[in-house]
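Engineer: Here is what each chain is made of, one letter per residue.
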Amino acid sequence: MSLDPGQDTGTAATITANGDSKGAWEDPKDCYESGATTKKPKPGMMRRARKVEGGIFFPKPENAVTIAVSSRVLFRTEKEQKVFEQRGIEEYLKYQVEHENEPFAPGPAFPFVKALETVNAQLRELYPDSEELFDIVLVTYNHAHVGVRLINTINYHNLFIERFCMTGGSSPIGYLKAYHTNLYLSADSEKVREALEEGIAAATMFMPEKPIAVSETQLRVAFDGDAVLFSDESERIFKAHGLDKFFEHEKEHENKLLDHGPLKGFLESLGKLQKKFYAKGQRLNCPIRTYLVTARSAASSGLRALKTLRAWGLETDEALFLAGAPKGPMLEKIKPHIYFDDQMFHVEGAAERGTIAAHVPYGIAQKYPHQKPVDKKDSSTSK
Amino acid sequence: MNANIVLNPGVKQKDPSRALVIAVSSHAMFELGGELKLHLQKVKQEPEPKSTVKDNEPFREGIAFPFIKAVQQVNKKLLEKNANEMLLFDVILFSNDVSPASQSRVVNSALHYDLEIGRFCFCSDKDFAASLQSNHVKLFLSTDTDEVGKALKEGFPAALLYQQRGQGTTDTLRVLFSGDVLGFSDDMAHFLREQGFSEPQLQSISTAKGAMKEFATVIGEMRRRFGREGSPLCTCLVTVWTPRDACAGALKMLRGWGLEVDEAFCLAGAPQSPILAQIQPHILYDHGLHNARNVPAQC
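Protein sequence lines, in the order shown, are assigned to chains S and P.
Going by our numbering, the first residue of the first sequence is number 1, and it counts up by one from there.
Going by our numbering, the first residue of the second sequence is number 1001, and it counts up by one from there.
Looking at chain S on its own, in the form it has when it is part of the complex (with noise of 0.2 Å):
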């Protein structure tokens, strides 16, 4: 990640007069709305109340769709991150305390996570007593030193998280299984490696250096199809034999569902609350918008993709299938929340145009990562 110059400072010069953090993106239209909420919220004091019916209401994680995230990816802490990495644990301890009162900045998580609320607000709004809601935890490595600092940003943002781990240290995967954990997500690899092998939905994020501005109404969620939503079975045929090869073996098992991948069971859930509005007539204008942003293309590959996800009873809203073009157009336009790939390439490439991807470090793409194409004109190199 890169360190961001207008963090020197800190985050305390960073905010305005009337308490709106502009946080270290460049561009003021940032991906919040730029008034913060219309109550203006001063550090530490008031909070929304999570009210229903009468009282605070904490789903049970086996009946919520819960998304554990950690403090990395929640909020900016480049800056703290180089301290601790220098100076070694004591002195980043010393400085997080220090440095208390100082909000943290927005990370690339966290308009994701916001997201997350506006669906919960309109799910709650629907179905008063239902559980089936999103739920955030913070999920963090860190000392609970750390913890009052991470509380005052919380509650600065003004969000709805309740719910935290500050292992001091220990691996999170333990409480990520307590917690009945739908998707784990990180700035470290090995944590996210470690989450998928346990069978957790994990990615690693990464802050894009100009993030585009994404919706504040509906939260969308792009995947990439193999090796995230199916298994990286055809993957491994692409990389060990090659494009015909691929066509060959895809059209053979054209009516042969692929294998599930790591995000599929994420998509599910998503699709589960999708029904509950549709319910109650919000198709149209659902507030969840799911999209699959493949290099299958239509005519031949893609069949069988489309295929698996009918028979699993799923579906996304859009299907991208780019034929090997490549995805940061495409991507630029949908502006998602969050786009879940396997390859690096794709991930970087993305970040790049400004998206905010998440990479999941899964199958055959991570041991043969994409090479990148000799002749621009062979765009088949690119999957």
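Treat the hints loosely; a few may be bogus.
[Claimed, not checked] Listing some non-contacts, in silico: residues in chain P with all C-beta distances to chain S over 12 Å:
id, residue
1, Gln1073
2, Lys1076
3, Ala1101
4, His1112
5, Asp1127
6, Gln1133
7, Ser1134
8, Lys1138
9, Glu1147
10, Asp1186
11, Thr1217
[Claimed, not checked] Residues from chain S shown here face chain P by an in silico Cβ test under 10 Å; the list is partial:
id, residue
12, Phe58
13, Pro59
14, Gln86
15, Arg87
16, Glu90
17, Leu138
18, Ala144
19, Ile151
20, Arg163
21, Gly168
22, Tyr175
23, Tyr179
24, Gly313
Derived from the structure by calculation, the hints contain no laboratory data.
Note that the structure is predicted; figures quoted are calculated from it, not measured.
Even for Gly, the Cβ is constructed at its ideal location relative to N, Cα and C.
Take the given structure of chain S and dock chain P to it, following the hints.
Structural biologist: Below, chain P alone, put in the same frame as chain S:
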């Protein structure tokens, strides 16, 4: 007072004015066995039942074994840093069985396992509180929630010895404090009320905060002898029923008392058992909250 204090000849006595004295129930330390348990329930004056087991055969290891091993590890590391360290754990065993045969069996068991138990206190139930007092006990531990509850009712700091999975951690002593108690305030009382806690319960939580101070302060001092990483003593804060601001309040309060906890968890009403099973504390100091009655079952 009818209490019998037996010094452990195998353990160097610590200065109780400087050491952190913790009393542990003998039921927790050893598997006292069915026949003996039954015996303890009856009036102590009855003649001893015929035992099929030799009097000096050591009892089997109890749930508190990982705890005592971890405590020994902390003491060892403290002395490694400073051979003249006086701030050490001083564990004494409390037993309400006063029959001489059982007493010697308990002492011999401790010797057999080479446990760092400084003293054994054999006293009847009615002398329990007075004995804790006279032995400068800062915390009473038991695996029995009723025993813990009784001690708390008598105004004595008491905590649960949590049953760890499998073999249990022995290289680090893990101490858990309740954020609901430590972060308690008038604002937070309202959240607890909404979740079904009664006024007497709230009152009891409010006083518990003050009762925790002494123990937390000493643990804080001990914790500071070690660096942030590689410490044999690890402290956790767990907040279950009150929101994150209670946790922040608790963290600041503990910091004010000199204790910077290592780990912190906020559950916001999520079931505790799976989380506790991950945390695996030895000492669960939450004023019996995890076992609170009349609160919608969380576990």
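Engineer: Now tell me, hint by hint, if it's right for this structure.
Structural biologist: Now the hints, each set against the structure:
A cut-off of 12 Å between C-beta atoms confirms that P/Gln1073 is not in contact with chain S; the least separation is 17 Å. Non-interface status of P/Lys1076 relative to chain S is upheld: no Cβ of that chain comes within 12 Å, the nearest being about 22 Å off. With a least beta-carbon separation of about 44 Å from chain S, P/Ala1101 lies farther than 12 Å from that chain, consistent with its non-interface assignment. The non-interface label for P/His1112 is consistent with chain S: the shortest C-beta to C-beta separation is roughly 34 Å, beyond 12 Å.
The claim that P/Asp1127 is not at the interface with chain S holds, since no C-beta of that chain comes within 12 Å of its own (minimum 40 Å). Look at P/Gln1133: its CB is around 33 Å from the nearest CB on chain S, clear of 12 Å, so calling it non-interface holds up. The claim that P/Ser1134 lies off the interface holds: its Cβ sits roughly 36 Å from the closest Cβ of chain S, which is beyond the 12 Å cut-off. Every CB of chain S is more than 12 Å from the CB of P/Lys1138 (nearest about 23 Å), matching its label as outside the interface.
Look at P/Glu1147: its CB is around 28 Å from the nearest CB on chain S, clear of 12 Å, so calling it non-interface holds up. Every beta carbon of chain S lies more than 12 Å from that of P/Asp1186, the smallest distance being close to 16 Å; the non-interface claim holds. Listed as a non-interface residue, P/Thr1217 keeps its Cβ farther than 12 Å from every Cβ of chain S; the least gap is roughly 17 Å. Interface restraint check: S/Phe58 against chain P, minimum CB-CB distance 4 Å, threshold 10 Å, status holds.
The beta carbon of S/Pro59 is positioned within 10 Å of a beta carbon in chain P (closest approach about 8 Å), and the interface hint is therefore held. Evaluation of the S/Gln86 hint against chain P yields a violated restraint, the C-beta minimum of about 16 Å exceeding 10 Å. Taking 10 Å as the C-beta cut-off, the interface hint given for S/Arg87 is violated, the closest approach to chain P being about 13 Å. Interface restraint check for S/Glu90: the shortest CB-CB distance to chain P comes to about 6 Å, inside 10 Å, so the restraint holds.
The interface hint given for S/Leu138 is met, as the beta carbon of that residue sits about 9 Å from the closest beta carbon of chain P, less than 10 Å. Because the closest C-beta pair between S/Ala144 and chain P is about 4 Å apart, less than 10 Å, the hint holds. Look at S/Ile151: its Cβ gets to within about 4 Å of chain P, closer than 10 Å, so that hint holds up. Interface hint status for S/Arg163: upheld, as the beta-carbon distance to the closest one in chain P is roughly 5 Å, under 10 Å.
Proximity of S/Gly168 to chain P holds as hinted, the smallest CB-CB distance being about 4 Å (cut-off 10 Å). For S/Tyr175, the interface hint holds, the least distance from its beta-carbon to any beta-carbon of chain P being 5 Å, beneath 10 Å. For S/Tyr179, the interface hint holds, since its Cβ comes within 10 Å of a Cβ in chain P; the closest pair sits about 7 Å apart. Checking S/Gly313 against chain P by beta carbon gives a least distance of about 29 Å; that is not within 10 Å, so the hint is violated.
Going through the hint list in order, the structure does not satisfy hints 14, 15 and 24.
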